[in-house]
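A.B. asks: Going down the list, the sequences are from chains E and B. When we follow our numbering, the leftmost residue of the first sequence carries the number 245, and every step to the right adds one. When we follow our numbering, the leftmost residue of the second sequence carries the number 1474, and every step to the right adds one.
Treat the hints with caution; some may be incorrect.
What the hints assert, rightly or not - Once the Cα atoms are required to be at most 30 Å apart in a straight line, the calculated DSSO-like pairs of lysine-lysine come out as: (1) E/K534 to B/K1709; (2) E/K451 to B/K1521; (3) B/K1604 to E/K651; (4) B/K1498 to E/K534; (5) E/K502 to B/K1697; (6) E/K451 to B/K1551; (7) E/K651 to E/K331; (8) B/K1604 to E/K570; (9) E/K649 to B/K1697.
To be verified - Covered, in the sense of this in silico footprint (three residues per stretch, anywhere, with C-beta under 8 Å from a C-beta of chain B), are these stretches of chain E: (10) 445 to 451; (11) 565 to 574; (12) 620 to 627.
Please keep in mind that the hints were generated in silico from the structure rather than gathered at the bench. The model shown is predicted, which means the values in this text are computed figures rather than measured ones. Beta carbons: idealized from backbone N, C-alpha and C, even for Gly.
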Amino acid sequence: MTTLFLNARLIDPEAGTDAPGAVLVADGQIAEILPEGTQAEQLFRARNIDPEKAEVVDCGGKCLAPGIVDIGVKVCEPGERHKESYKTAGLAAAAGGVTTMVTRPDTSPAIDSPETLEFVTRRAQADAPVNVLPMAALTKGREGREMTEIGFLMDAGAVAFSDCDHVVANTKVFSRALTYARSCGALVIAHPQEPVLSAGAAASSSKFATLRGLPAVSPMAERMGLDRDIALLEMTGARYHADQITTARALPALERAKANGLDITAGTSIHHLTLNELDVADYRTFFKVKPPLRSEEDRLAVIEAVRTGLIDTISSMHTPQDEESKRLPFEEAAAGAVALETLLPAALRLYHADLLDLPTLFRAMSLNPAKRLGLPSGRLAAGAPADLILFDADVPFVLDRFTLKSKSQNTPFDGQRMQGRVLATYVAGTPVFRRD
Amino acid sequence: MSHVSPAAPGPSFAARHLLGIEHLKPHEITEILDLADTYVDLNRRPEKHSDVLAGLTQINMFFENSTRTQASFELAGKRLGADVMNMAMQASSIKKGETLIDTAMTLNAMHPDLLVVRHPHSGAVDLLAQKVNCAVLNAGDGRHEHPTQALLDALTIRRAKGRLHRLNIAICGDIAHSRVARSNLILLGKMENRIRLIGPPTLVPGDFAEFGAEIYDDMREGLKDVDVVMMLRLQKERMDGGFIPSEREYYHRYGLDAEKLALAKPDAIVMHPGPMNRGVEIDGTIADDINRSVIQEQVEMGVAVRMAAMDLLARNLRAERMEQAG
Chain E
245 MTTLFLNARL
255 IDPEAGTDAP
265 GAVLVADGQI
275 AEILPEGTQA
285 EQLFRARNID
295 PEKAEVVDCG
305 GKCLAPGIVD
315 IGVKVCEPGE
325 RHKESYKTAG
335 LAAAAGGVTT
345 MVTRPDTSPA
355 IDSPETLEFV
365 TRRAQADAPV
375 NVLPMAALTK
385 GREGREMTEI
395 GFLMDAGAVA
405 FSDCDHVVAN
415 TKVFSRALTY
425 ARSCGALVIA
435 HPQEPVLSAG
445 AAASSSKFAT
455 LRGLPAVSPM
465 AERMGLDRDI
475 ALLEMTGARY
485 HADQITTARA
495 LPALERAKAN
505 GLDITAGTSI
515 HHLTLNELDV
525 ADYRTFFKVK
535 PPLRSEEDRL
545 AVIEAVRTGL
555 IDTISSMHTP
565 QDEESKRLPF
575 EEAAAGAVAL
585 ETLLPAALRL
595 YHADLLDLPT
605 LFRAMSLNPA
615 KRLGLPSGRL
625 AAGAPADLIL
635 FDADVPFVLD
645 RFTLKSKSQN
655 TPFDGQRMQG
665 RVLATYVAGT
675 PVFRRD
Chain B
1474 MSHVSPAAPG
1484 PSFAARHLLG
1494 IEHLKPHEIT
1504 EILDLADTYV
1514 DLNRRPEKHS
1524 DVLAGLTQIN
1534 MFFENSTRTQ
1544 ASFELAGKRL
1554 GADVMNMAMQ
1564 ASSIKKGETL
1574 IDTAMTLNAM
1584 HPDLLVVRHP
1594 HSGAVDLLAQ
1604 KVNCAVLNAG
1614 DGRHEHPTQA
1624 LLDALTIRRA
1634 KGRLHRLNIA
1644 ICGDIAHSRV
1654 ARSNLILLGK
1664 MENRIRLIGP
1674 PTLVPGDFAE
1684 FGAEIYDDMR
1694 EGLKDVDVVM
1704 MLRLQKERMD
1714 GGFIPSEREY
1724 YHRYGLDAEK
1734 LALAKPDAIV
1744 MHPGPMNRGV
1754 EIDGTIADDI
1764 NRSVIQEQVE
1774 MGVAVRMAAM
1784 DLLARNLRAE
1794 RMEQAG
């Protein structure tokens, strides 16, 4: 099967370029990157390709980029399939241009044994049209007491180990888990946060939180968590990724750790890049995420860190919640937002605001996450898997949350004007989504 | 006998609910206080009954223990002729797992006209107000707002001092956990007073400085030349550990006694929203000093302010219903 994408605007995060060109895909891989003005007939003749067996896609000058590799997607199987299943998450991912979902183990029960991991892998393969790579819990039941069978879980396909938003508070347990993970070559993804200081917090401490009377945590709790983890990395030499860095105060520590040669990377969430604490307004629970939304100064500092590459990855932190868990007083309401479908349109806000260019965005959404997990995808280069998205960066629309494909529709962007959306998504050269 | 409210000069207080001071304009605050003054007069007569709420149903929903606020709202409603029902929510449906919104919908189906709500979580009353067809009065939500307390404090100050602007007002004690402090800070700020917040830094977070208040951790310094000393109750039940070393040290440093009060203006008044912890935040003899303490007046103003607030909301509710009926 051969597909030729003609007349495209190629977003190449590796080269950092945004230029017209064409892409030839064969046998599920990118075969060749071609210059602007490539003619189908000439090319097929030159490459000995039977035009009858080849498909030509005229991109009409729209953007063609490597598909998004999203670290930290919550699919609610096992346990809460009414909130999200592999099928619905997969459809949402395809519609949002996410070609690889790296799923979280914070299910009920947690994915902490090879048996549960095999169950979700089977469910994912049967139902999801995009690539699914599972993460496993770092400690049993995500309780922070005993490490999981990291070796067996890797054999079963776990690509990383994380207790998600549960911080392993016991430093001895965490240091042993990091040491053991290093011996297996496993990547540990942690949530940098001082858990006692942030217990019960529903907002970041600020004038706004004070006015609303919400229990709040200082942004310093994130830096304290990161500082501890960095010290443990110096001790253990483990491979480490911070799931979400959301405050300006954590950035100098991250920069020093990288400069000191530790094997550390960091991500942030699309919500912390595009929203701030004031969006909570009159206790709107769809804006309750974990960690809580930060100040505008923090948001701008984090965007700048993505631009310079200090923060490596952007994730959706897709967290489905049903209406019942959100229709509660703010303190009691569940945290989290769905974002597989809104990740790209929200990220394009940063592009339209002239804060980040498209190659930088795709470096953080596609290239860097793939590199960190050792995947060949995330690149626009010969030999890479043909996981591609075609999108219109400019088309305006108003988001109606009831059109989302997720089972849960808890998005903070409901009713908001957005610009840019996916036209088609390809996984290994096969279309898995086309917008009518 | 029937009580006739003075005709309001045009449509000024037009709100549907009273959820907080944040959304009130200065002239609306003045309007509530002016009307409340007339209810003070009514309440001092031997015959205290009016029928401005006749035919309306008032439900008091208290998800948190309260004696004085609930009694005050109940009496206010009864004096105005409403049918008043009290519901102690802690004891009922919450225990059975019903959500706040379901409880609200259930009550809404009984067609109440005025719903008075207290809830332990900030924002819960706002949430409830979105789901019901009647007027909602916030009787305190979490550490967010307690608007009728701020209004009754304002009325007490205005009557004692003859004005409600350009006063130096100290709010002392447990600011962090206090919805009373937030509502008072907003109200007194809107009326152009200078506000000082006094307390240990664990109980007076620095974010309050951004509201334009001056923050003092030395009470003696902070009380100098103030016109009003507003004490707050130490909310032991909301503290999850270690805000102050001990009650006796707190009393020594932040309890109001004669010596510290002597630093305020000679005619400064002393207020407390109650219930008081005598010997913790306030010396008993000061609380009882009829020349300084207006604590009993606050309770009296509470009934009048709540009558005024419910009267105004009921007028708006009736106007809205007339409009809907065409």
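A.B. asks: Each of the hints needs a verdict: does it hold here or not?
C.D. replies: Okay, the hints, checked on the actual structure:
{"no.": "1", "hint": "E/K534 to B/K1709", "in the structure": "28 Å, holds"}
{"no.": "2", "hint": "E/K451 to B/K1521", "in the structure": "43 Å, violated"}
{"no.": "3", "hint": "B/K1604 to E/K651", "in the structure": "24 Å, holds"}
{"no.": "4", "hint": "B/K1498 to E/K534", "in the structure": "35 Å, violated"}
{"no.": "5", "hint": "E/K502 to B/K1697", "in the structure": "53 Å, violated"}
{"no.": "6", "hint": "E/K451 to B/K1551", "in the structure": "39 Å, violated"}
{"no.": "7", "hint": "E/K651 to E/K331", "in the structure": "10 Å, holds"}
{"no.": "8", "hint": "B/K1604 to E/K570", "in the structure": "14 Å, holds"}
{"no.": "9", "hint": "E/K649 to B/K1697", "in the structure": "63 Å, violated"}
{"no.": "10", "hint": "445 to 451", "in the structure": "holds (count 3)"}
{"no.": "11", "hint": "565 to 574", "in the structure": "holds (count 5)"}
{"no.": "12", "hint": "620 to 627", "in the structure": "violated (count 0)"}
In this structure, the hints that do not hold are numbers 2, 4, 5, 6, 9, 12, in rising order.
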